[in-house]
Structures are given as structure tokens and as C-alpha cells.
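Asks: Sequence:
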Amino acid sequence: MVSDTRPPVRVRYAPSPTGLLHVGNLRTGLFAWLFARQHDGVFILRIEDTDRERSERRFEDHIFRDLKWFGMDWDEGPDVGGPFGPYRQSERQDVYARHAEALLEAGRAYRCFCTEEELTRQAAEAKRVGAFWKYPGSCRSLTRDEVVRRSSTGEPSVIRLEVREGEVRFDDMVHGETRFSTDVISDPILMRSDGGATYNYAVVVDDALMSVSHVIRGDDHLSNTPKQVLIYEALGKPVPRFAHLSTVLGPDQARLSKRHGATSVAEFREAGYLPEALMNYIALLGWSPGGEGSEVVPPERLLAEFRLDRVNKNPAVFDTGKLNYINRQYLRSSHRTAGLVREALEGAGQIPPSGADDWVSLVVETLIGGVDTIREIPALLDTVLAFSLDDASGESEVIDDEGAMDLIRRFGQELAARERLGFDDFRGIVSELKSVTGRKGRDLFHPLRVALTARSSGPELDKLIPLVETAAALGVPGVDGCRERVAAFVARHG
RNA sequence: GGCCCCAUCGUCUAGCGGCUAGGACGUAGCCCUCUCAAGGCUAAAACACGGGUUCGAUUCCCGUUGGGGCUACCA
Numbered sequence: 216m217v218s219d220t221r222p223p224v225r226v227r228y229a230p231s232p233t234g235l236l237h238v239g240n241l242r243t244g245l246f247a248w249l250f251a252r253q254h255d256g257v258f259i260l261r262i263e264d265t266d267r268e269r270s271e272r273r274f275e276d277h278i279f280r281d282l283k284w285f286g287m288d289w290d291e292g293p294d295v296g297g298p299f300g301p302y303r304q305s306e307r308q309d310v311y312a313r314h315a316e317a318l319l320e321a322g323r324a325y326r327c328f329c330t331e332e333e334l335t336r337q338a339a340e341a342k343r344v345g346a347f348w349k350y351p352g353s354c355r356s357l358t359r360d361e362v363v364r365r366s367s368t369g370e371p372s373v374i375r376l377e378v379r380e381g382e383v384r385f386d387d388m389v390h391g392e393t394r395f396s397t398d399v400i401s402d403p404i405l406m407r408s409d410g411g412a413t414y415n416y417a418v419v420v421d422d423a424l425m426s427v428s429h430v431i432r433g434d435d436h437l438s439n440t441p442k443q444v445l446i447y448e449a450l451g452k453p454v455p456r457f458a459h460l461s462t463v464l465g466p467d468q469a470r471l472s473k474r475h476g477a478t479s480v481a482e483f484r485e486a487g488y489l490p491e492a493l494m495n496y497i498a499l500l501g502w503s504p505g506g507e508g509s510e511v512v513p514p515e516r517l518l519a520e521f522r523l524d525r526v527n528k529n530p531a532v533f534d535t536g537k538l539n540y541i542n543r544q545y546l547r548s549s550h551r552t553a554g555l556v557r558e559a560l561e562g563a564g565q566i567p568p569s570g571a572d573d574w575v576s577l578v579v580e581t582l583i584g585g586v587d588t589i590r591e592i593p594a595l596l597d598t599v600l601a602f603s604l605d606d607a608s609g610e611s612e613v614i615d616d617e618g619a620m621d622l623i624r625r626f627g628q629e630l631a632a633r634e635r636l637g638f639d640d641f642r643g644i645v646s647e648l649k650s651v652t653g654r655k656g657r658d659l660f661h662p663l664r665v666a667l668t669a670r671s672s673g674p675e676l677d678k679l680i681p682l683v684e685t686a687a688a689l690g691v692p693g694v695d696g697c698r699e700r701v702a703a704f705v706a707r708h709g
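If you read the first sequence in my numbering, its first letter stands for residue 216, the second for the next number, and so on.
To be clear, the hints were calculated from the coordinates, so they are not data collected in a lab. Hints should not be assumed to be uniformly reliable.
PhoX-like, lysine-lysine: derived pairs with alpha carbons at most 25 angstroms apart [stated by the list, open to error]:
(1) LYS678 - LYS649
(2) LYS473 - LYS283
(3) LYS473 - LYS537
(4) LYS283 - LYS655
(5) LYS655 - LYS678
From just these sequences and the hints, can you work out the full model?
Replies: In C-alpha cells, the structure reads:
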């Protein structure tokens, strides 16, 4: 046996609590989570709330809630703790400061007194004449005494990393080997003049201290990576492996945002999407199971088949239509569907006074095939159960057809003879009407549908009739039984 | 301006020098059917452009074009 010397897999997901969790962000989290779980690794949730202005605690709670709903779990995080905490950047400021001091001591970083205004002016001027500009390193050569003197007068300063010469290279799991020349990298600011850590520095300190082995994140950070590698080097910490994921775009090819409609996990949940369907679809953004046939890949299979190194490099456009298709597939087979339909019906006040369970399963059986999401059920049910004679007035094909009306009258007489119309009764009546009137097929069924629903389309009659009869029997408000409906229809048009 | 990343049907993708360029969603037609859906079958639909390398490029290299990111005391 050869012993495995690879370091343990530790992957982190680091959302910012500045708003609701976004599907683009969620995809990064999903890929990171899948990778961690596939390698028996540790999945860490870290909250990047260094932006005090925009970060809010309630958004953090929403992140926990949405991730759990989505089906992800984590081993370390602000809510569950862990050996490398704290897991909120806002609680780690002293850690950043301490390591910055150490870098200063080690001569890898230096204090810079250049004012932001002056530097911004230089940069703007360079840009105006089309010249390249980077921080010239003016403060690199300040003597220790001078630094002490200027600091003691209260002159504000930042801490910058001294960028070495040469090249930075790293092997990205989705982009392959990537290299940058340090010639174009300004000495990055580690600590701001207000004493706070900058993002690029804080992530590195956190990832290094948390022994993160794989940094999986959006590719908007690809250009930041060389800076970060330099910081790892200065800190004397091993550089993790990186995987930079492309962004998720809206239908107009622009980055997905609110104006594209639903983009937050919460919205998809509320719209009645099943979490496993959303997970399946999101995994398909940049990855595919390959081969031929279905792309319905449930979470268990995702765990087995997903490959981070096979994720596409180019950005993917979010397609609600395909998400709907995937959701329909899960809606039909999930054991959770009934419970969710029940909630939706309760929310819409469509649960009858008695017999709720039977009612819900009947509604599911009748309507689930016709919807993209659970959310559509209450409205569809309303439409299906509605019976308005006024709607029928446009059905001249039936109303003006004496044969059809005769059929309906006979149908009404049959119904009048019984209390309830069971589906077997309906079968019997129909076959009798068929032989009496000589009508069949469309001529036979269409008039009956119109008399029963006042509409020319809807679910199959063998599903619709039990639904209407049950609704009437259970006392769903405003729903008449078949007998009353046909009688009313005959009274109006017959 | 500089640096970096990306580029196959409308969309998501398979492809890793030789394929009738495959699948999925969507679209169209047909079938099923009382209707609308669903479901089944079929069809149309792509290698951004120009140079190389090679016996041979969707595939490798270089440009161009078009997207995107970074170049902040934002993350």
C-alpha cells in the first residue's frame, strides 16, 4: 500500500450577506459542495461581511435557510462552529492586523503614506494620456525611523505588500495553467488607513489559516489571484488549488440580475420549484452528464458523476424554460409534491372543510401534469372549478347545434336521476347516449364538456368529473356538482 | 490604455486531428386524443472570421472581431 500524502480536502464557500442568495452564487456553492463531498472533504461556510455598509445579519440568516432548503450542508461555519473560527470576517479583524504586523516585521510589507487623492490623480493622468500606471513604490524605501516619526504625528498610512519580481503561475482546475507577470501588479494594500483589511488580503489570511485546500469561486477573481498568490508566498503558506467558475448570464447575455426576474433562491422556493430540480438545473449550467439522452440527474447521481474539472469555461445563460422542464420531471415523481400542493392550496384558501387529504391527492393527480411549478396550481384549480354560464355563450358550435343540445338535455335527465355522478356512472351514461343519439367521438364528448364546464378545454373528463364532484361534496366554496351545472346550462341554453 | 479570461445549433452542452459534428431545452410537423396540456415519433437548427501547422483541422498555434473580468484604501 502506498500511503496517501495528499492534504485533506477542505473547501470553503464564502458568500457575502449583502442581499438574498443569488443563483449565480449558488452555483459556485453547489460546485464547491459537490467537490468537497465527492472527496470526503470538509465543507466550510464563511461569511464575508467586511463590507459593513451593505452586510446585514438578516441576509446571513437567509443564506443559511436557503442553502439548507437547497440541500447543502456544511461542517464548519458561523452557526455550527469549528476549529478554525471565527467564521465571520467581521470577527477576524485582529487576526488580519496581527499577520500584517508580522509581514511588516519580516520586511515583506511596508507602510505607505501616499494619499489616496494623490495616487488617484496620478492614475487618472496616466489614463488620460493612455499610459500604463501602477503604484511606483515611493514608500518602499522609507527608513524605519521615518515611519515611526510620521506615524507618531498621526499621519495616516496603509500597509502594502512588496511585490516581488518575476512571474506568478498557478494551475487552475478549470482554466489550466495560468501565468501573470508581476510587472503589471501594483503593491497591493493589505490594511487600509482605517485599520480594516482589504478583501484580497483577508481572503488569503482566512483561506491560509483555515487550511483551505481548494479555492472554488467566480472567475471575476481570476485577475486577483496572482496578487493573492503573492500574499500566500509572503505569509509562507502553501498556495491552494484554484478553480474559477464562469458567471451566470441572463437571457440578454448580461450578468444575471433582478431585472431578469426571479434570481434569488428564495424566489425559486416561493415559486414552487423543488430544490432537487433547481440543483439539477443549476448543475447543468456549465456541466453536463455527457452521452445521449436525459439530463435529469438527481442529487445522488450528481454526487457520483459531477466533475469539477469538466466544467465549461464560458459563461452560461440561465434558461427558465429548461428549469421548468426539469422541475416538471421532479414534480411528477417527488414524494414531497403532495405536501407542497397542500400548502399552496391552504395559502389560497382552497382546502375544503373536510377530507383534505383525499382532496389534495385528487388535485395533484388531476393537475400536476399541466404545471411547471406548484405555484401555478391554485390559479389553475380556480379555472378548472369555475363554472360561468356567460363563458359558454361563445360556444355556438354546441349551443346552435340542436343535436348537441338534445344530447345535453338527455345527459341532464340522466344526472337528475342521481345524487352524485361517479365516474362509472358517467361511463354508463355516455355509452347509453352514444347508442341513443348515434353520436361518438368529438360530437359526443365535446358538448358534454361544454355543458359541464362552460369551456371547450380543460383536463380529461375522467379526471375532471371526479374533481368537480368531490369539490362539491366536500363543500369547496362556490363549486356546484355536475347535476346542477348541466341543469343550469339547459335552463339557459336549452 | 495595460494585463487576463472566454468563443460548437436560439439556449445548455458532447467533442479532446479523420465523426453523416451527438444529446438536452425550446421551436415545427405527425401520432395519441372530446379539448388544452402531457406523452411518443420525426424535422429544421451550430463549429465567429482570417492566417498558419498538418496528408487532414471544430479540435493545435498566431492574429482579428465580439463578449467578460481585473487594473480601488469594493467585495
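Asks: Against each hint, give a clear statement of whether it holds in the structure.
Replies: Now the hints, each set against the structure:
1. A distance of roughly 20 angstroms separates the Cα atoms of LYS678 and LYS649; the hinted pair therefore holds under the 25 angstroms criterion.
2. Using a Cα cut-off of 25 angstroms, the hinted pair LYS473 and LYS283 holds, with the two alpha carbons roughly 23 angstroms apart.
3. As the CA atoms of LYS473 and LYS537 are separated by approximately 19 angstroms, the hinted pair is consistent with the 25 angstroms bound.
4. Taking the CA atoms of LYS283 and LYS655, the gap is about 54 angstroms. The hint is violated against a cut of 25 angstroms.
5. Note on LYS655 and LYS678: the hinted pairing holds, with a Cα-Cα distance of about 20 angstroms set against a maximum of 25 angstroms.
In terms of the numbered hints stated before, the structure departs from hint 4 and from no other.
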